[in-house]
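Chain order of the listed sequences is A and B.
Be aware that the first sequence starts at 31, since it is given in my numbering, and climbs by one per residue.
Be aware that the second sequence starts at 11, since it is given in my numbering, and climbs by one per residue.
These are calculated hints, taken from the structure and not from any lab test.
Hints may contain errors.
Claimed, not checked - Per label pair, the in silico range of CB-to-CB distance:
1. Glu56(B) to Val104(A): 51 to 57 Å
2. Thr51(A) to Arg48(B): 25 to 31 Å
3. Arg197(A) to Pro140(B): 17 to 23 Å
To be verified - Reference excerpt, derived from the structure (chain A facing chain B, CB under 8 Å, subset only):
4. Met40
5. Val44
6. Ser48
7. Ala55
8. Thr58
9. Leu59
10. Trp68
11. Gln82
12. Leu85
13. Ile162
14. Glu179
15. Pro181
16. Asn185
17. Lys188
18. Trp199
C-beta: ideal position from N, C-alpha, C; glycine also.
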Amino acid sequence: MRHSRRALTMLELVIASSLLTVLVASATLLLRTSRQAWTAQEQDHQRLQSAQALLRHVVRHARQAQSVVAASGVGEASGSLSLEMPSGDIFVWNHNDAGKRVDFGVTTANGLLADSIESLEVVGYEADGTTITNNVADMQVLRVTATVELPREVNGVKTLESWVWLRAW
Amino acid sequence: MIAALRQRRANRGQTLLELVVASVLLAATLAPALRLTRDAMRTGREIETAGVLNSFCISEMERHMALGAADWSTGATSGSFASQGYPSLRYEVVRSDDPADGGIENKLMAIVSTVWEDANGNGDWDAGEPRVVYATKIASMSGYQEGAGG
Chain A
31 MRHSRRALTM LELVIASSLL TVLVASATLL LRTSRQAWTA QEQDHQRLQS
81 AQALLRHVVR HARQAQSVVA ASGVGEASGS LSLEMPSGDI FVWNHNDAGK
131 RVDFGVTTAN GLLADSIESL EVVGYEADGT TITNNVADMQ VLRVTATVEL
181 PREVNGVKTL ESWVWLRAW
Chain B
11 MIAALRQRRA NRGQTLLELV VASVLLAATL APALRLTRDA MRTGREIETA
61 GVLNSFCISE MERHMALGAA DWSTGATSGS FASQGYPSLR YEVVRSDDPA
111 DGGIENKLMA IVSTVWEDAN GNGDWDAGEP RVVYATKIAS MSGYQEGAGG
């Protein structure tokens, strides 16, 4: 009888171990999937935040700017912008296509402002707000467009756009 | 013999009970953790949407400040941000110098920019759909209008 009970206990242990293994494996899979989804979302969120911060930075300074010194224009996906500020400083934003980043600086864009930016387009408009111009002296409105790629989404190319009206004229 | 059988049943019951308890504990630990992750992800998406709504709303307000200042034209404009990759986001901007809207005829223009997530796709904002509203006013500047050809 003792032999019979031992064999049964072993069988029970094997079954219990198998069931626990299945349970733990399922739980691990579930947790790993959740973690992957969380990481992907966080990555998307950071890229969007980066683009939004970039646009806010440009808009905030453009509102105060005295004039536009240079703007890359329509069709330039790796664009740049230079503004003359009331202090006389020239603020420069420049998209680095190879590094997928936007740099910013005074006179020279030499410091990282935003990364994971696929493209940056800066288009100038005349005072009527509808006529595109390449003449910086006529620019009264700017349309700044930043594009980011979000790996989580199927159609993951997102474009954030900010119009800004230059108050000085 | 009977005692041995009872002992065997007792052993079986104990093992099964342990397994059930372990499973229940595992499930009880995992369920809240997964719910927490799901809630955090939903909150993250809501924050993400709010940020984009805010960004587009300010952009539209700036654009219409320039358009209004240029020719003092009034009226409502609406559309979506489909070309930017956000087909479910819509906007409406109202420019008015009507005193009823807070304006002064030919002198002060009220501009209200509204951007919302049109979750049900009916083209209108409905209660429960996230939205952002910005409002501002601009004064008539004849010199600027002349410069803009308005």
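Outcome of the hint check:
At roughly 35 Å, the beta carbons of Glu56(B) and Val104(A) sit outside the given window of 51 to 57 Å. Taking 25 to 31 Å as the suggested C-beta distance range, the pair Thr51(A) and Arg48(B) conforms, at roughly 26 Å. Arg197(A) and Pro140(B) have their C-beta atoms about 30 Å apart, which leaves the hinted 17 to 23 Å range violated. Violation of the interface hint for Met40(A) is found here, the shortest Cβ-Cβ separation to chain B being roughly 11 Å, above the 8 Å cut-off.
A cut of 8 Å between beta carbons decides the hint on Val44(A): the least distance to chain B is about 11 Å, and the hint is violated. Checking Ser48(A) against chain B by beta carbon gives a least distance of about 10 Å; that is not within 8 Å, so the hint is violated. The interface hint given for Ala55(A) is broken, as the beta carbon of that residue sits about 12 Å from the closest beta carbon of chain B, more than 8 Å. With a cut of 8 Å, the hint placing Thr58(A) at the interface with chain B is violated, because the nearest CB-to-CB distance is about 10 Å.
A cut of 8 Å between beta carbons decides the hint on Leu59(A): the least distance to chain B is about 11 Å, and the hint is violated. At about 6 Å, the closest approach between the beta carbon of Trp68(A) and any beta carbon in chain B falls short of 8 Å, and the interface hint on this residue holds. Among the interface hints, the one on Gln82(A) holds; its C-beta lies about 5 Å from the nearest C-beta in chain B, closer than the 8 Å criterion. For Leu85(A), the suggested interface contact is upheld, since its CB lies about 6 Å from the closest CB of chain B, less than 8 Å.
The restraint placing Ile162(A) at the interface with chain B is violated, with a minimum CB-CB distance near 13 Å, outside the 8 Å limit. Proximity of Glu179(A) to chain B is violated relative to the hint, the smallest CB-CB distance being about 10 Å (cut-off 8 Å). A distance limit of 8 Å between C-beta atoms decides the matter here; for Pro181(A) the minimum to chain B is near 14 Å, and the interface restraint is violated. Checking Asn185(A) against chain B by beta carbon gives a least distance of about 7 Å; that is within 8 Å, so the hint holds.
Of the supplied interface hints, the one on Lys188(A) holds, with its beta-carbon coming within about 4 Å of a beta-carbon of chain B, less than 8 Å. Satisfaction of the interface hint for Trp199(A) is found here, the shortest Cβ-Cβ separation to chain B being roughly 6 Å, below the 8 Å cut-off.
Violated hints, listed in ascending order, are 1, 3, 4, 5, 6, 7, 8, 9, 13, 14, 15; each of the other numbered hints is respected by the structure.
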